[in-house]
Amino acid sequence: MVLMVRRIALLLATLAALALPIAAHAAEHWSGGPMFGPRFGVSFDPEQLVIGGQVMTAELAPRVTFDPNLEIGLGDHQTVVALAVDGHYHLTLSDSDWAPYLGFGVAVNFVSVDLPAPFRDESDTAVGANIILGTTVPTRSSSIFFTELKLGVGDSDVPSLKVIAGWNFPLRR
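In terms of my numbering, the sequence shown opens at residue 5 and continues consecutively.
A few of these clues could be false.
Computed beta-carbon distance windows for the label pairs [what the hints assert, rightly or not]:
no., residue 1, residue 2, range
1, Pro122, Leu97, 51 to 59 Å
2, Ile135, Phe40, 17 to 25 Å
3, Pro104, Pro42, 16 to 24 Å
4, Arg144, Asp49, 35 to 43 Å
5, Leu175, Glu126, 37 to 45 Å
6, Phe123, Ala62, 21 to 29 Å
7, Ala121, Leu175, 43 to 51 Å
8, Phe173, Val85, 19 to 27 Å
9, Gly37, Asp125, 37 to 45 Å
10, Asp159, Thr96, 30 to 38 Å
Hints were generated in silico from the structure; no laboratory data involved.
Backbone N, C-alpha and C fix where the C-beta goes; we use that ideal spot for every residue, glycine too.
All chains, full assembly: derive it from the sequences and hints.
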């Protein structure tokens, strides 16, 4: 399982590296409006594939967004459903489309452990915090590509590290 997660992490990193130069030539910047999109990646401890979605709100204050997300982690003989409430502070780089961000979040994780027979499966609910470091870059189609690292703090059922990438699309009226 460890080898599979490492191969998937390498694949995701390669895909991100291929997509970033295309996105880096973007001409349009984020308008500050609400966005939504998929997120995917891997977590460590437990070692899982992670898929989900998120919403990025309009700015609540200058350069501050509220980014709730839902993720499902699969692998390592368990399933983790994480509901996170993240806040991001977006930094600016002069003469660059890249916008790094720092964040903090609180997550509730619903954990289901698959045990071999004759044992019964177990479930638990864990609450923890996330320290977030990420970056965004706009694309030509007014969407935003992002990557982030989430360091988990708290209960032992909270993943210690997540490497996530995703794409946010504007909510049009």
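Comparing the hints with the structure gives:
| no. | hint | in the structure |
| --- | --- | --- |
| 1 | Pro122 with Leu97: 51 to 59 Å | 57 Å, holds |
| 2 | Ile135 with Phe40: 17 to 25 Å | 24 Å, holds |
| 3 | Pro104 with Pro42: 16 to 24 Å | 21 Å, holds |
| 4 | Arg144 with Asp49: 35 to 43 Å | 38 Å, holds |
| 5 | Leu175 with Glu126: 37 to 45 Å | 39 Å, holds |
| 6 | Phe123 with Ala62: 21 to 29 Å | 48 Å, violated |
| 7 | Ala121 with Leu175: 43 to 51 Å | 47 Å, holds |
| 8 | Phe173 with Val85: 19 to 27 Å | 23 Å, holds |
| 9 | Gly37 with Asp125: 37 to 45 Å | 43 Å, holds |
| 10 | Asp159 with Thr96: 30 to 38 Å | 35 Å, holds |
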